[in-house]
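Protein chains: 2
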Amino acid sequence: MTATVKADLSRYDQKLELILRASARIFAEKSYHSTSMRDISRATGVSLAGLYHYCKSKEELLFLIQDHCFGRVLQRLEERLQSESDPIARLRIFIDNHLSFFAANMAEMKVLSHEAESLGGDLHEHVSTRKRQYTRRARKIISEVQQAAVASQHPPRRNGQLKKNARPVDTTVATYALFGMMNWIYNWYDPRGKLSVSQLVDNITRLFLSGFLSRAEHATVQEGSEQAGMVNIWRSA
Amino acid sequence: MTATVKADLSRYDQKLELILRASARIFAEKSYHSTSMRDISRATGVSLAGLYHYCKSKEELLFLIQDHCFGRVLQRLEERLQSESDPIARLRIFIDNHLSFFAANMAEMKVLSHEAESLGGDLHEHVSTRKRQYTRRARKIISEVQQAAVASQHPPRRNGQLKKNARPVDTTVATYALFGMMNWIYNWYDPRGKLSVSQLVDNITRLFLSGFLSRAEHATVQEGSEQAGMVNIWRSA
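Taken in sequence, the protein lines are chains X and D.
Last residue of the first sequence: 631 (our numbering), numbering continuous.
Last residue of the second sequence: 631 (our numbering), numbering continuous.
Just so you know, the hints here were simulated from the structure itself, not pulled from any lab data.
Treat the hints loosely; a few may be bogus.
Repeated chains share a single entry, so a pair holds when one copy, or any two copies, can fit it.
Calculated cross-link-like contacts (lysine-lysine; reagent style DSSO-like; alpha-carbon spacing at most 30 Å) [unchecked claim]:
#: 1; residue 1: 534; residue 2: 588
#: 2; residue 1: 525; residue 2: 424
#: 3; residue 1: 450; residue 2: 424
#: 4; residue 1: 588; residue 2: 424
#: 5; residue 1: 588; residue 2: 452
#: 6; residue 1: 452; residue 2: 424
#: 7; residue 1: 534; residue 2: 450
#: 8; residue 1: 525; residue 2: 409
#: 9; residue 1: 452; residue 2: 534
#: 10; residue 1: 450; residue 2: 525
With the rest of the complex left out, here is chain X (with noise of 0.2 Å):
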């Protein structure tokens, strides 16, 4: 590839990048299916013309927002864990990771959430791999922690059994428990605010981290005292 080539791909992928920054702000602002073609062409200033040059439909903008997200904040990922073993620092890389790759694109988090099911066909199949994939690696993250939990716990205690209070958080509610308090910031946290992105990593973290691994007996619910069950809204009017 001769230096020239480099030039213009370069200078392709920036424009690329300002086309796609400029989509997903609008689609976080008024919805994908409000926005049209020329939204965008107003916003960015490229011509509708100029605009298909860089994809073929509003949906391929789209799905070049989602696809992008899942591929970076993965491939940061995959580095960071390199160098790491231990499974409580793994998974604090993992909060931080995905944390402060989401506060610096807010607007990109919101459309990741609102907009998964507005892909279509192998466009929805591709970045729902993906997102599987991100998520699968986050419960793997999270059942080492739990396993090395356990084993530092041993021998077991003197009746052989852990108390029945002592159970720990089920697998699956603890890791989209953990996407819901990262995910949610979108809806109220601002990083230009008085609180720093490494300020609400920090607060993340130790409050999962301690609920996760924590089997003090006043955060158990006591059996019957709640009226857990379904309640209909319309129903019960």
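Starting from the known structure of chain X, fit chain D onto it as the hints suggest.
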């Protein structure tokens, strides 16, 4: 009010609820903007003219869904809190109330989360006020748990200070982290699956309460060990 007028009102309310419930399901499936009154007419079997007897516009339907949800969940919460004064028990009630309500109304939950910005003017302001009221209530319940925990730690440790690592989790982060882990369930939880609503409530309660009340050192972030910071997806390529 005569018995006949009452019966008519009730029939009216039942029909309106049927329309709102079907609308929430369609808005959740294909987004508010992509849904037409014709879609709602088709799903409910109510003619277009009939629909306009129950609401002035599609926007009013969206408003009624959101207003009804926040109204009901807040009303049930206040009723259940009346008989309880212990801060931890009150937090359990809050979590149970929110999750059991929304596990039974997941389409409504998705609409509340995705279509908050689709209302304009007074309707938007009205729902936002409800939402702020509900968030303030949650924050107060969480603060009271923290205050009770601090009070129970008196007298202070020998050196008169809490250890640096023993600092509590920020109340704002804790409040939104709890909403995040609860509200995210519409992305993964199946109320008809093997994890019952009461098991979901139990796991989320233990995860949050242990995390929030714990002062365990393993869960603190060692300063300087993390790479927290802003990582802009597009400019880092």
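query = Quick check: which numbered hints come out false for this structure?
reply = Per hint list: 5, 7, 9 violated.
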